[in-house]
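Visitor: Here is what each chain is made of, one letter per residue.
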Amino acid sequence: MKKAKVFAGITLLSGVALTLAACGKSGSNANEASNAAKFSQAVPTKATKNGGTVKVAVETDTPFTGIFNDELSTSNTDSEVMQYGAESLFGTDDHYVFNNKGAATIKIDQKAKTATINIKKGVKWSDGKQVTAKDYEYAYEIIANKDSKSQRYTASLADLVGLKEYHEGKASTISGLEMPDGENGRKVVLHFKNMKPGMNTSGNGYIWEAAAPYHYLKDVKFKDLMSSDKIRKRPLFFGPYKLQKLVRGQSTTWVPNEYYYKGKPKITKITASVINPNSVAQSIKSNKFDVIQVINSQWPNVKNTKGVNFIATVPLSYSYLGFKVGKWDAKKGENVMNPKSKMNNKALRQAIGYGMNVNQVAKRYSYGLSFRIPTLIPKQFGDYFDKDVKGYSYNIKKGNEILDKAGYKKKGTYRVQPNGKPLTIHLAAMSGNANQEPIIQNYIQQWKKEGLNVKLTGGRLIEFNSFYDKVQNDDPSVDMFMGAWSLSSEPSPNDLYSQTAPMNYSRFVTKKNTQLLDEMDSQKAFNHQYRIDKFHEWQKYMDDEAYVLPVSNSYTITAVNKKLTGYSLKPSDSMGNGFPNWYNVAYTK
Amino acid sequence: MWKTILRRLLIMIPQLIILSLLVFLLAKMMPGDPFSGSINPNTDPKQIEALRRAAGLYDPWYVQYFRWVGNLFHGDLGTSYIQHVPVTSLIADRANNTFWLSLLTTILTYSIAIPLGITAGRHQDQWQDTGVQIFNYITLATPGFVFYILGLWLFGFTLGWFPISGSVSANASGFWGVLGSRLYHMIFPAILYALIATTGTVQYLRTGIVDNKVEDYVRTARSKGVPENVVFHKHILRNSLLPIAAFLGNTITGLLSGSMIIESVFSYPGMGKLFLDSISQRDYTTLTALILIFGILTLIGNLLSDIIMSIIDPRIRIQ
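Order-wise, the sequence lines are chains A and B.
Here UniProt numbering is used: the first residue of the first sequence is 1, the next is one more, and so on.
Here UniProt numbering is used: the first residue of the second sequence is 1, the next is one more, and so on.
No wet-lab data here; the hints were simulated from the structure.
Among these hints, one or two may not hold up.
To be verified - Stretch by stretch, here's where chain B covers chain A in the computed footprint (C-beta under 8 angstroms, at least three residues):
1. 87 to 100
2. 146 to 160
3. 247 to 254
Unchecked claim - Label-pair distances were calculated between CB atoms; the ranges are:
4. B:L21 to A:P476: 30 to 36 angstroms
5. B:L57 to A:E545: 35 to 41 angstroms
6. A:D229 to B:A50: 40 to 46 angstroms
7. B:L154 to A:K397: 37 to 43 angstroms
8. A:Q244 to B:P14: 50 to 56 angstroms
9. A:Q472 to B:I107: 49 to 55 angstroms
10. A:K218 to B:K46: 26 to 32 angstroms
11. A:K306 to B:L16: 56 to 62 angstroms
12. A:I396 to B:P60: 48 to 54 angstroms
13. B:R52 to A:P277: 28 to 34 angstroms
14. B:F99 to A:T424: 54 to 60 angstroms
In this text, a Cβ means the ideal position worked out from N, Cα and C, and glycines have one as well.
Extracted from the complex, chain A is given alone in its bound form (with noise of 0.2 angstroms):
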């Protein structure tokens, strides 16, 4: 369940941005860049015992809605507070790709376009009944009936055979979805219109990776299911913990599952509270936690505690400048360039690349913790990542030669169009903490030294829901904007800068782009050398066409009570749902 990890979407969009923001005071961390990256993934292996307690924080200014249900959950804090329990069907391995070592195993058939899932003997909800085929068809009836109001519907689900007809009503059961061993069986059968090749990747959208307890839930109408009590307050999970004790949107209690089938987890209770993000930095120092994560921003403040084990991943996301060249054509449902727009010139795209001093930003903003990135393809994608696409690092020399020889002549201080209309460009960024403002700041003043007259959309940095709402509907005092994706662990760039996809907020749309997305998901590409070259030719041609410029991501640290092993952030390690395993995790002897 990558995915419910991957849904914080538009809350790391601003979060994103924000820990690039993060407030310094001095570019006097020139090191920490080094330091960063001697960050583990896990804590020492050592010898464990039974018994303890685990206080771990949870960090938002909100309550938590506490929808302990993955096809109904929408909020990321959910995911995070029901971790413990909330185990995905598939274990993966570092690249996320599908391994046996979950509570299920997959098997994929490109031929006869079917999935084959196998629920493993012995995995039972915490209640001690099996896991069954049921279970996980109803999952995907939870999603797809309409009355449940789930979010989670989307058309690549209905890849599925039958799956849109039970959305719509017109079938009582899904087509394609077969049970040989019938319902109390632990066998299923996915049929599939398409087959793609990032099928074998957990969080690809096509096949969902959790069950849901039918013998439990069968009685709540699918309109009553997200209110019920039995998902609010009285939950089933199959993972190693289960849930004692709920203090609505405060807190959550969770015990040792008895039944869980990898045996008896040793921690003796585990309690994750909110706690104000404001609250961190102190209650880090003071060990009021046992497992808490650092706000990039207070990393000084806390990096020299006592008694905790620093780890770090990169998370997959990027935080990214893109250019309105077109708009949403919503009746086609897809995106129109517009070849005349200001921005449509490839020289003012690169020039304004190499105006951007990501490193010297994330070195004084962000003690190292925030870095440039070159590509759109993050580099936990492992082979899919090119590392030969270097990006635009800070190059005013070259940024006016760029614009010099493409006919952006000097009036004044600031350059005309080749047409000779004069140009500005209006930049649309978020607000965020403290710090944004001085870099964006920064910025701008830096694409002054090119000659480009940049000013902030509204005069302004702009407020989340406004700034979206500006963006997604192409309002024309946008001419490039900064934003960030928080990305699902299936690599594919589709759903992100295709044709027909909303979210591909700069609208640019060139036949190549097409030509090279689809082969990425094309059968071909289950040949995988294939579409590992069709990665990499993207990834130049993203660079070099320079529509959308990755500009950066960072360290997300967690502090560790130094007692704990077992904690590891590595996607192998994972319950599959984009968490530690807490079945490892146990107090040292």
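Please arrange chain B on chain A, whose structure you already have, making use of the hints.
Guide: Same frame as chain A, now just chain B:
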């Protein structure tokens, strides 16, 4: 007087209609909606659109407004877009938290403010008075949020005497355990809030006593040989409490509306916090319901104050 109360209640109806209309329109004018936070590569914008349509967000505003009002008459405040539970249950939950916190705060405020005010008024211009005045200027000049954060840092983190957030500990069990934990979570914000909130009461009381001390009826009482203590408590103090009683109505209804600042600083899940969250998350149903409730509380508070005044001060009669 009953006639008056009835009339006042009737006037409230148009007031509330105007308030609800304004509230509703302003809420709708905010950019974004409850679903804008859900757009990411893993949700299908078409599904989000379908949910928006199903939630009636594309209906004309008056259709939405009348639907909302219609439901109000059935006692249905709608379902929270964010929390996905009925707004009534959400508010009941939070109102409960806020009520006890406010009650504790109010008790503490009065038990600090009244003795201080009396001392200052009685010993006018002596050192006691100066002390109280200094305390008063400090509390008046200190912004609440600075004071709370400072208190939180000092007593919550550095000394670790009090919990730093929430309304009850995750580990509390049993009736007494939960009660104790709740009290423990409440007492600190209540003390901080009360300390800041005393200013007005102290000042009114002090001024009242100082003014009344030189009134003719006091001189008469003294010249009749009434003991000084009786003069003070029966004549001066009673009259000096009038201005405080004038606020009593709003204090009572204020028990339910809570404080945004203190609840935010302490992440205390009460009405004030709920109000702030519902704005930032565009939770229209919760937001409009809350403003309506706050509006009703204020109107009732004013009415209560007037009634209380007319009862304790025979000179005032509601016409």
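Visitor: Check each numbered hint against the structure and report the violated ones by number, ascending.
Guide: 1, 6 and 7
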